[in-house]
Amino acid sequence: MTIQAIDLNFSIGSKQILSKIELEIQPGELHVLIGRNGAGKSTLFHLLCGDIRPEKGNIYLDGIPLNSYSKNQLAKLRAVLTQETAITFPIHSEAVIALGRHPHVTDTRRDKEIVQTCLKITDSIEQKDQNYATLSGGERQKINFGRILAQAWETPPRYIFLDEPVSALDIPNQYKTLNICRHMANQGYAVFMILHDLNLAAQYADKVTLLHKGSIVKSGDPNEVLTIENLETAFGIKTRILNAPEGNFIIPEIIGESI
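Heads up: the sequence shown begins at 1 in my numbering, then just goes up one per residue.
No lab work stands behind these hints: they were computed from the structure.
From a predicted model like this one, the values you see are computed outputs, not experimental measurements.
Be aware that one or more of the hints could be misleading.
Claimed, not checked - Below, computed lysine to aspartate or glutamate pairings styled on DMTMM-like, alpha-carbon distance capped at 25 Å: (1) K238 - D221; (2) K71 - D129; (3) K20 - E55; (4) K176 - E164; (5) K128 - D107; (6) K218 - E22; (7) K213 - D62; (8) K213 - D197; (9) K15 - D163; (10) K176 - E154; (11) K176 - E246; (12) K176 - D107; (13) K176 - E29; (14) K238 - D197; (15) K120 - E164; (16) K15 - D51; (17) K218 - E246; (18) K120 - E84; (19) K218 - E55; (20) K238 - E224; (21) K71 - D197; (22) K20 - D7; (23) K56 - E24; (24) K20 - D221; (25) K20 - D170; (26) K15 - E29.
Claimed, not checked - Cβ-Cβ distance ranges computed for the label pairs, FRET-style: (27) I228 - H92: 41 to 51 Å; (28) F249 - V105: 45 to 55 Å; (29) Q130 - D62: 35 to 45 Å; (30) H92 - I237: 21 to 31 Å; (31) D62 - T134: 40 to 50 Å; (32) I125 - H102: 47 to 57 Å; (33) V105 - G236: 26 to 36 Å; (34) Q130 - E229: 15 to 25 Å.
Quick reminder that beta carbons are idealized off the backbone N, C-alpha and C, glycines included.
Whenever a hint applies, use it, and build me the whole structure from the sequences.
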């Protein structure tokens, strides 16, 4: 059961956003999408999770065209964390996580247990009775990540889409969130995310896809994608790669450059 994109193209007006994209998202993998601002990452993300349709090309989920699935069917198969979640009405944080259970018809007791588990593993127990609107940016991001986990909390394979899931988090919570994602992938879930931190991508990803000006530069093993040559092509900067027992670390040579 995979998500497969074949010859995807997408334009806005006369501007080509994506061109000839070929990509596969597989259960049991943590797949990271990287690239500069404006490379087309968010557009590709929303195409793959079914929020928008390609101008040309096809996307298949388990061999069936993605646009053949109803919104309710998709909500049972994949959970999507976008960069911004608009919740303008008063609601407790625990209830936000509980929204993730809405697509599933299960017993109330099990739903409550799942919500409590998601509060616990995201370290959000202290915020459960707090009004969501009063939370900090990082606390909101953790609560929304908990909501996505609650939605995906069914027998894998399921698909988890995360657009910059650690952008508002401090360092401990960044690693905790990605450790959870790593665990979910190990359990058979497909985890597809956008990251800007190349070192986090190198540490956690099974597969990295590097996007540049709407086209894929390289997709595959992190060590094959995150090379000096590929990073200079996509980001326009020179880098050094430090080999360490924990994995490769990428050091941009522009650090300390004068304005």
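For a quick check of understanding: which of the numbered hints are violated here, in increasing order? Hints 2, 7, 12, 21, 25, 26, 30, 32, 33, 34 contradicted; others consistent.
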